[in-house]
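**Student:** Using full-length UniProt numbering, the first residue of the sequence shown is number 1, and each one after it goes up by one.
A portion of the hints provided could be inaccurate.
Said to hold, decoys possible - Keeping only pairs whose Cα atoms sit at most 27 Å apart, straight-line, the calculated DSS-like set for lysine-lysine is: (1) K232 <-> K66; (2) K233 <-> K66; (3) K225 <-> K66; (4) K233 <-> K249; (5) K232 <-> K249.
None of these hints come from the bench; they were simulated from the model.
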Amino acid sequence: MTVFLLMAAGVMAGGLGALLGIGGGIVLVPLLALGFDIPLEQAVPASLMCVVANSCAAAASYVENKLSDLRLGLTLELATVMGAIVGGLVAAFVAEAMVAVVFGLFTLFVSLQMLLLRTPVQEPVSTTEYVPVNYPLGISGSFVAGGLSALLGVGGGPLKVPLMSYGMRVPFKVASATSNLMVGVTGAASVAAYAWRGHLNLGLVAPLVVGVLAGASVGSRFMPKVPTAVLKKLFAAVLLLVAGQMLWKGGEGLWPSLWK
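Please model the complete structure; the sequences and the hints are all you need to start from.
**Tutor:** Structural data, given as structure tokens:
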């Protein structure tokens, strides 16, 4: 029964990850930690593996539909991988409760920016109808996104999508598709450090990846047709709940006297 529940969780994370270009890790980590009581040191690398699977399943469709900006993606990914390597090394010295608190604050930030920042109304049909701006901001922000990917298992997408969309003036759907292409490489670079320390549980990863592949396949087909603004609002509401749960869980570990 647990295997089917893990597959269902993978389908949900894969579908949302492909639709929004975030890899699905921002849903999967708290779901594994809170719903399945899996330690964060195993949940994070399992999520990163699913981020890689999500990217592989959805990226081909976005490239075929000319929604992924390959030149922009390769430029930003160099900085992202460097950040992921640094974050993977730092993760070994950070307490699990602190990771939970950071994750809660991060998801709170992402949910608020989805609710408050306006999505550009006009979206192009292909990547030839716009010119990205502010590359220094994009490169430095991608380095931070890579570090968060390794530390929190989120693939960096929740930071890179708004970074490209609002910081570099990239249309939202192109930013989502390009982010989806990048998070796979970021996730692979991040998960290596966890695998080296023996924290990658393949028995946990296998059913999740099956579900993620199915969900990402469906999500990538619907993404060009679904109104992005509606999806962002619904997803933001879910993230607010997740943020509260993770902050509570982290608080129990860091300040146990407050919960007695």
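**Student:** Hint by hint, note whether the structure agrees.
**Tutor:** Consistency of the hints with the structure:
1. K232 <-> K66: holds (22 Å)
2. K233 <-> K66: holds (26 Å)
3. K225 <-> K66: Since the Cα atoms of K225 and K66 sit roughly 14 Å apart, the hinted pair holds (cutoff 27 Å).
4. K233 <-> K249: holds (25 Å)
5. K232 <-> K249: holds (25 Å)
Of the hints listed earlier, there is not a single one the structure fails to meet.
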